[in-house]
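*Asks:* Take the sequences, apply the hints, and build the full model.
The listed protein sequences derive, respectively, from chains A and B. In our numbering, each number is its position in the first sequence, counted from 1, plus 6. In our numbering, each number is its position in the second sequence, counted from 1, plus 293.
Each hint should be verified, as a subset may be incorrect.
[As the list claims (entries may be wrong)] Label-pair distances were calculated between CB atoms; the ranges are:
id, chain 1, residue 1, chain 2, residue 2, range
1, A, 273, B, 306, 23 to 29 angstroms
2, B, 429, A, 94, 49 to 55 angstroms
3, B, 373, A, 177, 31 to 37 angstroms
4, A, 276, B, 377, 56 to 62 angstroms
[Stated by the list, open to error] Straight-line distance between alpha carbons at most 25 angstroms, and here's what the computed DMTMM-like set of lysine to aspartate or glutamate pairs gives:
id, chain 1, residue 1, chain 2, residue 2
5, B, 415, A, 404
6, A, 111, B, 331
7, B, 385, A, 41
8, A, 111, B, 360
9, B, 342, A, 44
10, A, 111, B, 394
11, B, 323, B, 397
12, A, 111, B, 393
13, B, 380, A, 44
14, A, 408, B, 360
Calculated directly from the structure, the hints in this document are not laboratory data. Quick reminder that beta carbons are idealized off the backbone N, C-alpha and C, glycines included.
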Amino acid sequence: MKNNQGFPFLIAGILALGLGMFIGTLAAFQFIIPDFFELLPFFKSRPLHVSLVVSWIFLCAIGGIYYYLPTYCRLPLFSSRLVKAHFIIFIATGLAIITSYLLGKFGGREYWEFPPILSIPIIISWVLFGVNFFKTVFRKKGKWPVYLWMWATGIVFFFITYLEANLWLIPFFGDNIVREITIQWKAYGALVGSWNMLVYGTAIFLMEMISKNSSLAKSNMSYFLYFLGLTNLMFGWAHHTYLVPSAPWIRYFAYGISMTELFILAKIIWDWKSSLSNALKFKHHIAYKFLLSSEIWIFLNLILALLISIPAINLFTHGTHITVAHSMGSTIGINSMILLASLFFIIQENSEKAIGSNVLKTGIWLANISLLVFWISLIGAGYLKGTLSFGSDLTFQEIMEKLSPYLISFGIAGICLFIGMCVILWVALTHLLALRKK
Amino acid sequence: MNKQLIFFFLFVLFIIYSFSVYFSGTTYDKGISHFTTEAKLGKKLFQEKNCISCHQIYGLGGYMGPELTNIISYRDNDESIARAFLKGGTAKMPNFQLNDEEIDALISYLKYIDKAGNYPPKAYEITPYGTVNEIVTDEK
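*Replies:* Here you go:
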């Protein structure tokens with residue numbers, strides 16, 4: 007193969023997701039049986055799971071961008087050496103993070119629970135990625151398709167918001183809990199928005215390639231939706247901190263901004279007929295099956311996101327498993343399905359035979375159905391926890407006991423989801439390794 | 294309209310907004326006088342032991358253990374329950390082998406968090422616009 011510079015990222019991403027989901031399944035059972043697998047207690051398994059699955063999102067999105075720019079955008083990468091350096095630093099940092107968790111050395115910040123010193127190589131590797139990306143795409147003449155805008159925005163805003171997430175190290179930010187928590191979640195909200203830009207940009211790129219319609223990524227509507235997403239990335243994060251005693255204008259402003267996503271919901275409903283005809287037209291393309299799954303998950307999660315962004319509802323859902331349902335639905339149902347579409351698009355384009363065995367189709371169905379049960383179980387648990395926390399005098403332990411049927415259902419669905427995803431990942435991995443040898 | 298111009302406009306707004314959040318929206322911390330040297334040590338320990346993987350502050354964190362924002366004043370400011378958990382762990386919480394000085398520091402940190410605000414709010418009013426106003430009934 008002429009261009010396989012993104013492949014190491016894709017292969018590492020598959021391995022990270024497989025391991026991350028395995029540890030996540032263990033952690034789900036530790037929720038029900040606390041002394042289950044004591045070798046890796048929950049306070050270690052949870053950060054391991056989170057870091058591994060987040061690295062899957064980054065590795066697969068970055069690997070796709072490194073592959074697509076020279077292959078389809080006719081933009082040879084500025085530097086292959088920078089790609090290698092980026093990969094080496096990413097993997098070395100990842101291994102250092104895993105080691106720190108296993109040794110019980112924590113920085114103790116939600117999502118990024120490793121010692122803050124490890125943020126330095128993360129920032130360095132991101133700068134290498136940014137330099138390579140911008141030096142490559144600035145050579146492009148003419149109008150940028152919207153996915154280039156989205157990838158560029160994702161890169162810039164990850165850099166800004168990752169730095170912002172580390173402001174707590176400065177006493178002005180860290181010595182005031184209201185400021186610390188507010189800014190932590192301001193940064194995290196935008197940070198998730200930045201990886202969404204990388205992933206959604208990939209989705210639009212894939213739709214353009216599958217439909218062979220180059221106007222799709224240059225239409226006024228696509229740019230409008232991009233700017234709407236960017237506005238939400240910048241200003242729509244405060245549903246995480248509605249109940250933190252910061253200034254009320256922060257919540258009111260974020261509430262208003264979050265409700266602009268109603269437009270996206272209305273557009274999905276309006277476009278359902280054309281989505282259906284696309285589904286029929288491209289149903290034989292394996293990457294499209296994943297994109298179609300992600301569209302359904304976007305619809306379900308958007309409704310949930312809009313509801314929990316209303317402060318009166320957020321009051322009862324915040325700090326419950328409904329928030330977990332939203333994050334799982336987004337990272338697995340939306341992000342991972344789009345990234346799997348990207349993986350299988352690359353595989354399909356480089357394979358002589360059509361990809362789409364019955365085993366793979368079974369994996370896709372199993373993953374999606376079990377994810378639905380998983381998601382509903384979390385919503386059920388969250389609803390019960392929210393209502394019991396406000397409407398009863400039960401203690402935390404008593405509330406948790408009442409949640410156990412939902413959590414057992416969540417755990418069983420988690421195993422099925424893990425099996426379904428393993429099937430998909432195994433097919434992807436074997437094909438990618440075979441392509442690499444070509 | 295020029296896309297670069299819209300991006301630039303939004304970016305400038307984002308910078309102004311971010312600084313407004315830093316310097317105007319988050320200045321007031323009711324509990325700041327309780328953020329002593331001992332409480333700072335408690336915060337450091339809280340992070341080093343990765344307590345947030347199981348516990349929440351203002352509903353943010355893991356769900357294995359209870360929410361901690363006002364845990365220290367949960368039963369008439371009786372800190373002995375929290376001390377007992379920190380000293381010996383529970384079926385769900387590991388025993389971190391903390392010494393007395395470390396336990397004091399963590400208790401001080403929990404007291405600081407407690408003084409900073411209420412979560413979940415004890416009394417509140419829901420407006421017709423879907424917003425929530427907390428009704429502050431106690432002066433901490």
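*Asks:* If a hint holds in the structure, say so; if it does not, say that too.
*Replies:* How the hints compare with the structure:
1. A/273 <-> B/306: 23 to 29 angstroms: 24 angstroms, holds
2. B/429 <-> A/94: 49 to 55 angstroms: The hinted range 49 to 55 angstroms holds for residue 429 of chain B and residue 94 of chain A, with Cβ atoms some 54 angstroms apart.
3. B/373 <-> A/177: 31 to 37 angstroms: 32 angstroms, holds
4. A/276 <-> B/377: 56 to 62 angstroms: 58 angstroms, holds
5. B/415 <-> A/404: 20 angstroms, holds
6. A/111 <-> B/331: Between residue 111 of chain A and residue 331 of chain B the Cα gap is close to 21 angstroms, so the pair holds against 25 angstroms.
7. B/385 <-> A/41: Holds, at about 7 angstroms.
8. A/111 <-> B/360: At roughly 23 angstroms apart (the allowed maximum being 25 angstroms), residue 360 of chain B and residue 111 of chain A satisfy the hint.
9. B/342 <-> A/44: Between residue 342 of chain B and residue 44 of chain A the Cα gap is close to 17 angstroms, so the pair holds against 25 angstroms.
10. A/111 <-> B/394: Between residue 111 of chain A and residue 394 of chain B the Cα gap is close to 20 angstroms, so the pair holds against 25 angstroms.
11. B/323 <-> B/397: Given that 25 angstroms is the threshold and the Cα spacing comes to 21 angstroms, the pair holds.
12. A/111 <-> B/393: Satisfied, since the Cα-Cα distance of roughly 21 angstroms is no more than 25 angstroms.
13. B/380 <-> A/44: Roughly 20 angstroms separates the two Cα atoms, so the pair holds.
14. A/408 <-> B/360: 17 angstroms, holds
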